[in-house]
Amino acid sequence: MDGNRFSPPSNEIAIEFADVSFRHRNGPLALDGFSLAIERGETLALVGRSGTGKTTILKLINQLLLPQSGVVRVEGRPTSDWDSIRLRRRIGYVLQEVGLFPHMTIGRNVAVLPRLEGWPDDRVNARVGELLNLVGLNPKTYADRYPRELSGGQRQRVGVARALAVDPPILLMDEPFGALDPLTRAEMHREFHRIQSQVRKTVVCVTHDMGEAFSLGTKVGVLASGKLAACAAPAEIIQSNNPEVKIFLDAMPRVGSA
Amino acid sequence: MRLIEFWLNHGGEFLEAILRHLALVAASTGIAVAAGVPLGVFSYRNPRLGSPLIGIANVVQTIPSLAMFGFLIPMPLIGGIGAKAALIVLILYALLPVMQTTVSGMKGVDPSVREAGLAMGMSDWHLLSIVELPLALNSIIAGVRVAAVVGVGTATIAAAVAAGGLGEYIYRGVASVDGVMILAGAIPAAILALLADFWLKWVERRLTTRGLRSGSPRLVAAGVVGVLVLALIAGGLIWSDRASGQIVIGSKNFTEQMILGELISQLIERNTELKVSRKFNLGDTIVCDSAMRAGDLDVYVEYTGTALTAIFKQPVRMNVDEVRLVVEACYSITERAMAPPLGFNNTYVILVRGEDARRLGLRTISDAARYTEQWRPGFGAAFLDREDGYQGLKKHYGLRFAESPRAMDVSLIYRALADKEVDLIAGDATNGLIAKLDLVALEDDKNYFPPYHAAPVIRSKTFSRHPELRAIFDRLAGKVTDQEMRRMNYEAEVERRDISSVVKAFLERHPEASTR
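Top to bottom, those sequences are chains W and E. Residue 111 in numbering that gives the first Met the number 0 is what sits at position 112 of the first sequence, and the numbering runs on without skipping anything. Residue 314 in numbering that gives the first Met the number 0 is what sits at position 315 of the second sequence, and the numbering runs on without skipping anything.
Each hint can be trusted.
Calculated lysine to any residue pairs in the SDA-like style (CA-CA distance at most 20 Å, straight line):
| hint | chain 1 | residue 1 | chain 2 | residue 2 |
| --- | --- | --- | --- | --- |
| 1 | E | Lys393 | E | Glu372 |
| 2 | E | Lys419 | E | Arg357 |
| 3 | E | Lys419 | E | Leu359 |
| 4 | E | Lys435 | E | Asp408 |
| 5 | E | Lys503 | E | Leu273 |
| 6 | W | Lys58 | E | Asp109 |
| 7 | W | Lys58 | E | Leu126 |
| 8 | E | Lys312 | E | Thr346 |
| 9 | E | Lys435 | E | Tyr489 |
| 10 | E | Lys478 | E | Glu507 |
| 11 | E | Lys394 | E | Leu383 |
| 12 | E | Lys393 | E | Ala380 |
| 13 | W | Lys218 | W | Thr54 |
| 14 | W | Lys58 | E | Glu114 |
| 15 | E | Lys106 | W | Pro101 |
| 16 | W | Lys226 | W | Lys245 |
| 17 | W | Lys58 | E | Arg113 |
| 18 | E | Lys312 | E | Arg292 |
| 19 | W | Lys58 | E | Ser122 |
| 20 | E | Lys106 | W | Glu96 |
| 21 | W | Lys58 | W | Leu35 |
What the simulated footprint calls covered on chain E by chain W, stretch by stretch (three residues with Cβ under 8 Å from a Cβ of chain W suffice, anywhere in the stretch; the number is not a length):
| hint | stretch |
| --- | --- |
| 22 | 111-124 |
| 23 | 128-135 |
The calculated label-pair distances, taken between Cβ atoms and stated as ranges, are:
| hint | chain 1 | residue 1 | chain 2 | residue 2 | range |
| --- | --- | --- | --- | --- | --- |
| 24 | W | Ala17 | E | Asp123 | 28 to 38 Å |
| 25 | W | Gln195 | E | Val226 | 41 to 51 Å |
| 26 | W | Gln195 | E | Pro110 | 21 to 31 Å |
| 27 | E | Thr61 | W | Asn124 | 45 to 55 Å |
| 28 | W | Gln195 | E | Asp196 | 52 to 62 Å |
| 29 | W | Pro168 | E | Val202 | 42 to 52 Å |
| 30 | W | Ala250 | E | Val202 | 50 to 60 Å |
| 31 | E | Ser111 | W | Ala17 | 24 to 34 Å |
If you are wondering where the hints come from, they were derived from the structure by calculation, not from laboratory data. Beta carbons: idealized from backbone N, C-alpha and C, even for Gly.
The whole structure should be built from the sequences, with the hints applied where relevant.
Pasting the structure below:
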């Protein structure tokens with residue numbers, strides 16, 4: 000995996016939205032003819048106001064939702080053709096609320112999927128140790144603790160470790176650091192880059208904070224009225240004159256800090 | 000002290016009652032959990048079907064248990080008396096708390112936890128067994144605790160359908176106004192309820208501190224084995240009902256009935272080779288009648304007036320022969336036969352103190368009507384309420400009293416008369432206290448009270464299969480007079496003699512009633 004670090008990014012498409020529309024039951028249209036292509040190994044940060052369908056996009060990728068029209072493809076196959084369980088095991092998911100299993104220790108939380116995959120015990124244990132080290136938690140100290148004994152930042156680290164447990168090629172992050180204080184959040188951003196430099200996943204991260212998007216993404220997409228208003232490298236986005244993009248840029252305390 | 004003595008004297012029987020009680024509760028609660036948790040999960044996942052399901056369970060919960068037994072007994076397959084009916088009722092009662100707490104436990108699972116599980120690629124079963132059920136466990140066990148504690152209480156009522164258990168003592172105690180015997184059943188039942196609650200609390204703590212091993216096959220295996228064991232216990236209980244006796248003799252839940260049941264049992268045992276199984280203390284008239292219709296009882300003693308009005312819903316009739324003819328006819332078209340009456344008439348009687356009767360020369364109610372204006376009457380609540388009770392009596396004989404009647408507990412009314420708290424009462428013609436307290440029954444010279452002659456009722460099938468029974472009932476006819484019945488009631492209720500020895504003494508006094 001380390002070998003990937005300096006290899007040029009492949010242009011293969013990992014995730015693709017083609018003219019996707021989605022309406023929640025009794026709700027407004029969340030996505031309206033939405034199209035997007037995400038290359039393998041890139042980190043796409045999607046920015047949008049609350050209720051612009053950011054979470055819907057993530058759930059369409061891991062088939063928690065199916066599009067009402069259009070197609071979502073993962074690794075070239077429409078999600079409707081995937082076995083949902085096989086698909087989801089190739090996609091790590093990190094939520095703002097983390098969603099750790101409160102009745103299991105940290106070690107067991109991380110080990111859930113490897114066990115379901117039928118890994119032998121020693122391989123599971125080695126993997127748990129490796130992942131906790133990766134996210135900066137000493138396994139000896141933390142593996143046997145329960146989620147309630149950890150701080151918010153520590154819980155989010157465990158959430159990332161759990162999402163990476165069976166080494167999925169894709170990682171989805173839903174406002175992963177939204178509930179953290181600014182200092183912890185900045186620390187988590189550094190940690191994210193350190194981890195991503197080691198694992199090189201295709202990452203889709205949604206946030207309502209343009210600063211966070213610039214900090215995390217190799218590409219930044221801006222959502223407005225169910226469509227993609229812009230999608231480009233951070234440097235290009237900063238130059239954008241698109242009014243939807245401007246709103247977000249103006250809302251940032253100091254443009255260019257990323 | 001008398002309580003401990005009672006337990007020591009009834010050692011083996013007492014232990015059996017406890018074990019049977021425990022088995023009933025354990026099997027029914029266990030089966031209710033095995034069914035209620037999946038039903039709860041189903042209700043949670045399909046609220047459209049689930050809410051009505053919980054609604055039904057809710058309604059079931061509000062049916063009084065005796066009514067439920069009455070409803071169940073005549074049903075084919077699941078009905079009848081004994082452990083089967085008791086288990087079904089107990090399971091139905093235990094279902095609701097288990098279902099409800101399963102649903103509320105599932106609802107209590109943090110949605111983000113559920114979403115995390117789904118998104119990581121858990122199947123429905125994995126999500127349920129690894130995440131939802133372990134997190135709902137606290138709530139579910141709380142439901143199991145409620146079910147078990149309620150079950151211990153409800154199981155005492157199961158004695159009313161011959162399912163045994165500690166309720167046996169409570170019923171017998173209530174029937175013979177024996178406080179010690181009531182406590183002998185009630186105290187261990189209360190202790191069982193507390194123990195069940197403590198034990199389940201312990202289980203709950205153990206499971207939650209250790210954390211449920213995620214869907215571990217060992218746990219699943221333990222669950223399956225547990226359910227199998229409980230099903231075996233349930234099967235054993237049901238089987239133990241069938242194993243004994245070729246002739247099943249029943250009785251209602253008061254002393255006189257148990258004496259008569261025992262009398263018939265002893266006569267059959269003495270005169271035939273048949274094995275008898277005794278199912279005494281069976282709730283009320285409806286329980287006995289339904290049990291017989293269901294084929295679970297071969298013989299019990301009924302009263303002609305009760306059969307006429309309560310079983311066959313006929314209007315009240317006064318003529319003794321007419322009542323007997325109608326009842327015999329009704330029984331014969333429902334595949335049963337009524338044997339010749341035993342002799343006594345357990346109707347209401349109007350009682351006064353012996354000294355008053357002798358002083359004033361009273362023999363009949365009409366004689367007494369001349370003096371009632373100076374008297375205070377006392378009646379049981381039922382007699383006061385019934386149309387064919389106090390109101391009718393007053394009109395029929397033109398009685399007037401010094402004050403309006405006092406409502407009293409029927410078990411205390413005889414002593415109240417003897418102690419001169421009241422001067423005239425309505426009592427049971429066969430009550431043992433009548434002779435003991437020197438009370439006099441006034442003759443119903445204007446035929447106000449309908450006849451309640453006691454007569455054995457036998458299933459027609461039993462009769463044709465065992466024709467030798469006919470001679471027994473013929474010989475017993477008329478032998479149990481009012482005086483004899485009062486005496487036996489007195490010996491059993493007041494002297495607290497064992498019912499079987501009371502009956503033996505009767506048979507020794509009347510050798511002609513039994514052949515061998």
